[in-house]
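2 protein chains.
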Amino acid sequence: MMKPDWIALDWGSSRMRAWAMSESGAVRASVECEQGVSQLQACDCESVLLGQVSAWIAPGAAIQVVACGMVGARQGWVEIPYLSAPCAPLGELVSAPTTGDQLDVWICPGIKQSQPADVMRGEEAQIAGLLARHAEFDGVVCLPGTHSKWVRVCGGEVKSFRTFLTGELFSLLADQSVLRHSLAGDGWDSAAFLDAAQQMVSAPEMLTSKLFSIRAESLLGEETAAASRARLSGFLIGAELAATRSLWHEGAELALIGAGRLADLYVTALGAQGRVVTTYPGDELVVAGLSAAHSNLNRP
Amino acid sequence: MMKPDWIALDWGSSRMRAWAMSESGAVRASVECEQGVSQLQACDCESVLLGQVSAWIAPGAAIQVVACGMVGARQGWVEIPYLSAPCAPLGELVSAPTTGDQLDVWICPGIKQSQPADVMRGEEAQIAGLLARHAEFDGVVCLPGTHSKWVRVCGGEVKSFRTFLTGELFSLLADQSVLRHSLAGDGWDSAAFLDAAQQMVSAPEMLTSKLFSIRAESLLGEETAAASRARLSGFLIGAELAATRSLWHEGAELALIGAGRLADLYVTALGAQGRVVTTYPGDELVVAGLSAAHSNLNRP
Numbered sequence: 056m057m058k059p060d061w062i063a064l065d066w067g068s069s070r071m072r073a074w075a076m077s078e079s080g081a082v083r084a085s086v087e088c089e090q091g092v093s094q095l096q097a098c099d100c101e102s103v104l105l106g107q108v109s110a111w112i113a114p115g116a117a118i119q120v121v122a123c124g125m126v127g128a129r130q131g132w133v134e135i136p137y138l139s140a141p142c143a144p145l146g147e148l149v150s151a152p153t154t155g156d157q158l159d160v161w162i163c164p165g166i167k168q169s170q171p172a173d174v175m176r177g178e179e180a181q182i183a184g185l186l187a188r189h190a191e192f193d194g195v196v197c198l199p200g201t202h203s204k205w206v207r208v209c210g211g212e213v214k215s216f217r218t219f220l221t222g223e224l225f226s227l228l229a230d231q232s233v234l235r236h237s238l239a240g241d242g243w244d245s246a247a248f249l250d251a252a253q254q255m256v257s258a259p260e261m262l263t264s265k266l267f268s269i270r271a272e273s274l275l276g277e278e279t280a281a282a283s284r285a286r287l288s289g290f291l292i293g294a295e296l297a298a299t300r301s302l303w304h305e306g307a308e309l310a311l312i313g314a315g316r317l318a319d320l321y322v323t324a325l326g327a328q329g330r331v332v333t334t335y336p337g338d339e340l341v342v343a344g345l346s347a348a349h350s351n352l353n354r355p
Numbered sequence: 056m057m058k059p060d061w062i063a064l065d066w067g068s069s070r071m072r073a074w075a076m077s078e079s080g081a082v083r084a085s086v087e088c089e090q091g092v093s094q095l096q097a098c099d100c101e102s103v104l105l106g107q108v109s110a111w112i113a114p115g116a117a118i119q120v121v122a123c124g125m126v127g128a129r130q131g132w133v134e135i136p137y138l139s140a141p142c143a144p145l146g147e148l149v150s151a152p153t154t155g156d157q158l159d160v161w162i163c164p165g166i167k168q169s170q171p172a173d174v175m176r177g178e179e180a181q182i183a184g185l186l187a188r189h190a191e192f193d194g195v196v197c198l199p200g201t202h203s204k205w206v207r208v209c210g211g212e213v214k215s216f217r218t219f220l221t222g223e224l225f226s227l228l229a230d231q232s233v234l235r236h237s238l239a240g241d242g243w244d245s246a247a248f249l250d251a252a253q254q255m256v257s258a259p260e261m262l263t264s265k266l267f268s269i270r271a272e273s274l275l276g277e278e279t280a281a282a283s284r285a286r287l288s289g290f291l292i293g294a295e296l297a298a299t300r301s302l303w304h305e306g307a308e309l310a311l312i313g314a315g316r317l318a319d320l321y322v323t324a325l326g327a328q329g330r331v332v333t334t335y336p337g338d339e340l341v342v343a344g345l346s347a348a349h350s351n352l353n354r355p
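Residue numbers (my numbering), protein chains in the order written: chain E, 56 to 355; chain D, 56 to 355.
Honestly, I wouldn't trust all of these hints.
Since the list gives no way to pick one copy over another, a pair counts as held whenever it fits inside one copy or between any two copies.
Unchecked claim - In silico lysine to any residue, SDA-like type, Cα no more than 20 Å apart, as pairs:
no., residue 1, residue 2
1, K167, T279
2, K167, L325
3, K214, E308
4, K214, S169
5, K214, H189
6, K214, A172
The set of hints was computed from the structure by calculation and includes no laboratory data.
Looking at chain E on its own, in the form it has when it is part of the complex (with noise of 0.2 Å):
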C-alpha cells in the first residue's frame, strides 16, 4: 500500500478508529479496534496507536495524526479545554506529547456549555462533517449512542445541546440489573418496541415504573425475553423522544448522525410520531470532519 499523507483517528472511551488517508481527503485504509481510553493510561496511548497503524508509516518522518473524541479527556491522552458553545464544531487543534518520533498527533478540542450543563467530545467532528458538506445546514442534528446527544445547529455554529444516559443504561440494565432474567437471547419484537416508546412519549414520567414492569411481565408469562429486550429499549429510547420534542416536533430540518440498528431505532420511532428524518453515516462523517480540521491545521 502507499503510505498515507496523515491519518484520521477517532478514538473513544470503548473503541478506537483509525483512517489512512491521502491529502485529497481519500481514505485509503481503515482499522478498527476494542481499545478504548478508558482502558488505557495517558502514557500508553502513542504505543498502542502504534500498534495499530505502524504498517502506515514511512520510515525517517512523523506522520500527522488528526484525532478526536475521548483522546482528548483528562482520561485520555492529555486533557484538552473544551470549546464553549455557541462555537464552530472545530477549534485550535492542540498537539499530544509523544516520546518517539513517528506520530504528529493534533487533537480536536470538544465543546462544553453552561446552562445546562453538558460536554460532548467526538461528536463535534461528525457536526464539522455534516457542515462540510451542508455548509448551510440549520436544524437539529440527533446522535444516538451511549451518551445520545441531540444538538442545535444553525449558522455553522453548535448553538445548544442536551446529552441523554439511553445507551449507557440500556447496557447496565440488560446487562446487570433484575431485568437481565428477563432479556436472555438477541430476538427482537418491533411491535413491542414501537408500543413501548409511544408509552414514554405519552407519559415519560412512568419510566422507572415501566422498567420494573418489564420484569413482572416476564415473571407472570406474558411476554417473550424478545419483547422485553425491544420494550427496555423502546421504553429508554421513548423517554428521551419525550424530553426532546421540542426539538424534532417543529418544522427544522433534522438530521440523525449514526449507522446499524440503533439508527435505526430512532428512524423507526420518531417515523411513528410522524416525523421524517435524514441519516447520515457517523464514520463518513468524522472522516469528513477530521479532513476539515487536518485542512485548518495545515492552512499556510
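Please arrange chain D on chain E, whose structure you already have, making use of the hints.
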C-alpha cells in the same frame, strides 16, 4: 435464653432477618445477615437458615418458621404461587421441603397484579402488619427500597400497586455508570437533593438527560461529589413522586413503611411538596404481619 416458640423470617434477595418469637408475639432475640436468597441454591436454604438460628431450637421437636420474601420465589427455597390483587395481604401459607427434622417452614405467598403487570414478595407481610395495628387503614402505603412500591389499601385488602426501580437504578448508576467518577465519598448536600427532586416533579421527562448532567456539572467543576450524590438520589426519588402524584396529592391517608436514611429522604421530598406522611418502622410491621400469619396457621 428460653427457647422461642416459633421463628419469624424475612428472607429477601440480599438479606435475611430472623426473630425468635414467643407465642404471645413478643420478640426475644433477632439475627440479621447478608446471605440473601439470590446468592443461594434452593437446596442450601435449610442449612443456611439453621446456621443462623440453631441456638434457638430445642432438641427433639421441630420449630415452626413463618417466612416471607424472595424465599418464596422461583430462585428461592420453593416457588409459591402468587395471590392476585385485589386480595387480603395474607394468603394460605405453603410448606417448604426440609431434609432434617429441626425446622417446620411455612412461606407466605406474594401478590401479583395483571393490569398493569406487577409483583411483590415480602411487602405483603408489612402491609399485613400495618393492618394488624390499624384494621381500618384506608389509603396509600409507600415502601421505599431497591424496588419501591406504592400500594392502595382499603377494606383490609391490597387493591392495586405499582413498583419502581428507584433503588436498583441508584446502585447501578452510583457504582457502575460514568457517574461513579463524580460521586466519590459519602457526603450529602440536602439542598441539592431537594432541588433535584423538585426538578423531576416538575419535568419528569428530563430524567435521563438530568442523569448525564450530574457528570457534566462535575467535569465543569460546578458541583461537589456530595451534591452529585444527592442529586442522583433526588432525580430518582423525584421521578417516582412525579409518577405517583395522583396517589399522594389527594387527601387519602399516606403511610410510609421504612426506616433510616432512605425513609427520611422520602419524608423530606414529600414534605417539600406539602405532603405530611406517617412513618412506620418496617421491621416492626413485618414481625406483626408474620405474627398474624402465624396465628392464622395455628388457628384450630
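Hints, verified against the model:
In this assembly of identical chains, K167 and T279 lie within 20 Å of each other by CA distance solely across copies; the values are 18 Å between and 42 Å within a copy. Taking the shortest alpha-carbon separations for K167 and L325, neither the intra-copy value of 27 Å nor the inter-copy value of 34 Å comes in at or below 20 Å. Taking identical chains as interchangeable, the C-alpha atoms of K214 and E308 lie at most 20 Å apart only when both belong to the same chain, with a minimum of 15 Å there against 48 Å between chains. Only within a single protomer do K214 and S169 lie at most 20 Å apart by alpha-carbon distance; the minimum there is 12 Å, versus 47 Å between protomers.
In the homo-oligomer, the alpha carbons of K214 and H189 lie at most 20 Å apart inside one protomer (16 Å), although the nearest pairing across protomers, at 58 Å, exceeds that limit. For the homomeric pair K214 and A172, the shortest alpha-carbon distance inside one copy (14 Å) is at most 20 Å, but the shortest distance between copies (43 Å) is not.
In the structure shown, a violation is registered for the earlier hint numbered 2 alone.
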